[in-house]
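Kindly generate the complete structure, drawing on both the sequences and the hints.
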Amino acid sequence: MIDKVAFLFAEGLKSFSRNKLTNFLCILTILINFTILGAFFIAGSNTDSLINFFRSKYTFEIFLEDKADLEQSSSIAKQLESNPAISSVTLIDKERSAEIFLEEFGEDVVDMLGYNPLPISLKVSLEKNNFDLNKIQELINALEKYDFVDSIEYRGAYIDDIEGKINLFIFFFLVLVIGVIFISIQMISNTVKLSMSNRSDFIEILQYNGASNIFIKIPFFIESILQSIIGAFIAFLLVNYSFIVINSYFNLNIQIDNFLWAWMIGLSLVIGLYASNRAMKRILL
Amino acid sequence: MVEFKNITYNYSSKSGIYNVDLNIQDDEFCFLVGPTGSGKSTLLKLLYFDFFPDKGEVNVLGYSSSKIKTKDIHKARKKIGVIFQDYKLLKQRTVYENIALPLHINGVGRKKISDLVSEALELTELSRYSKKFPHELSGGEQQRVCIARAIVKNPEIILADEPTGNLDPTTGHRILKILEQINKEGTCVIMATHNYKLITEKPYRVIELDEGRMVSE
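One line per chain: the protein sequences are A and B, in this order.
The first sequence begins at 1 in the numbering used here and counts up one residue at a time.
The second sequence begins at 1 in the numbering used here and counts up one residue at a time.
The set of hints was computed from the structure by calculation and includes no laboratory data.
Just so it is clear, CB atoms sit at the ideal spot from N, CA and C, and this is done for glycine as well.
Treat the hints with care, since some could be wrong.
Within a straight-line C-alpha distance of at most 25 Å, the following computed BS3-like cross-link-like pairs (lysine-lysine) qualify [as the list claims (entries may be wrong)]:
#	chain 1	residue 1	chain 2	residue 2
1	B	Lys88	A	Lys14
2	B	Lys14	B	Lys45
3	A	Lys145	A	Lys67
4	B	Lys14	A	Lys14
Per the computed footprint, the stretches of chain A lying under chain B, defined by three or more beta-carbons under 8 Å from a beta-carbon of chain B, are [as the list claims (entries may be wrong)]:
#	region
5	1-14
6	199-208
7	212-226
This is how it looks when you write it as structure tokens:
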């Protein structure tokens, strides 16, 4: 058994070194497709960061009426903190509001008017995970009914709209990725068919000598594994280096996944083996 | 061992083999003779399940053409050695590698392969050519490589399709002598030929085909 495996492995390596043109074509196909897929992956994962950035802005502010005292404000803050959709509540009293006013406009409102007209407010941060705009809207509607609540400022609908558009982009990206994967399968499959028809004599001789289909297929699978690893690794180097150059040239901070090489090679192996098997199934009945 | 039950196989409307009934025993040496296109090669192809009959049933070494599954054909072929007129050798492999191929397919260990290939090389008088490539050999030598490859796995049947077709008479006789020797060791040999001169005075069974029909036995 070990001898048989060693023989098949050696056969795979031999045919890889002998069939230079078909291997070159196959590696080139994988290289082109995986450069596109790698670039899509980086774009997709950075779109995710963009969504997370918007989600970090998921806050709303409750401005209380003058008649609300600190005790009532603390009570409503505690109530809100117990809500699972809310991650934290910050109470901004009149003094802190005046300080913020001073920081933002450079004027002391108390000196200007002789009294502090700014209301007590609550800054509410929402849970980013399991975010549900409808539930937040319901909560805001309920809060507006409190008699010491003056107004609530929330831009969730705009953020939701932006997120919707980003998700649409991601959807198109996914369609493109699936398209590229499909094209890769077709192209690799055709290259394997070409490679098999070039070696039809060899396959015929193996069959006449009692070789099973799996025995014939294994060297082709080994070739396919080598093509996938080489093609995807070169594609990874190309994509990685290109984004490093783009980052430094345009002074951007596009994040490159640490395991980009692993999933590119992994996916390439899956596609390569699937495409090879599909091509061989059609030829070896 | 080999049984043809009322076999009909059509290539086209005008050629094929028709209503052939035949039994061949374990240790027989048997010639299939007839002019080109008489159906000799077709009969052999039916024996190693390259073709399947349109009508009737072929039984070879316990495998039946009507029952065998595609995925099991290789099991039957492991017990059959085939010799082709055009040799069907791997051009990029040495004589040794060509002969060792069926043994690798059968999962034989490296040491045993070396012993068995040496025996086959000796029997076919090819020992000194083991490292040569097919294109460095004459037609007769290539045919002997083909024979060595067929016998190395110790098959139960040898099917030889015009093994002397491309060879001069002296080399043809030499090839036939090797096949007779293999048969003496208990292997059934079925040889298709249209070379009547080669087989005259041989004490073996002769099955004559003409236009796809058995005309004499």
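A quick look at each hint next to the structure:
1. B:Lys88 with A:Lys14: holds (20 Å)
2. B:Lys14 with B:Lys45: Since the Cα atoms of lysine 14 of chain B and lysine 45 of chain B sit roughly 18 Å apart, the hinted pair holds (cutoff 25 Å).
3. A:Lys145 with A:Lys67: OK: lysine 145 of chain A and lysine 67 of chain A at ~15 Å, within 25 Å.
4. B:Lys14 with A:Lys14: violated (45 Å)
5. 1-14: n = 4 at 8 Å, threshold three: holds.
6. 199-208: n = 7 at 8 Å, threshold three: holds.
7. 212-226: holds (count 3)
Hint 4 from the earlier list is the only one contradicted by this structure; the remaining hints agree with it.
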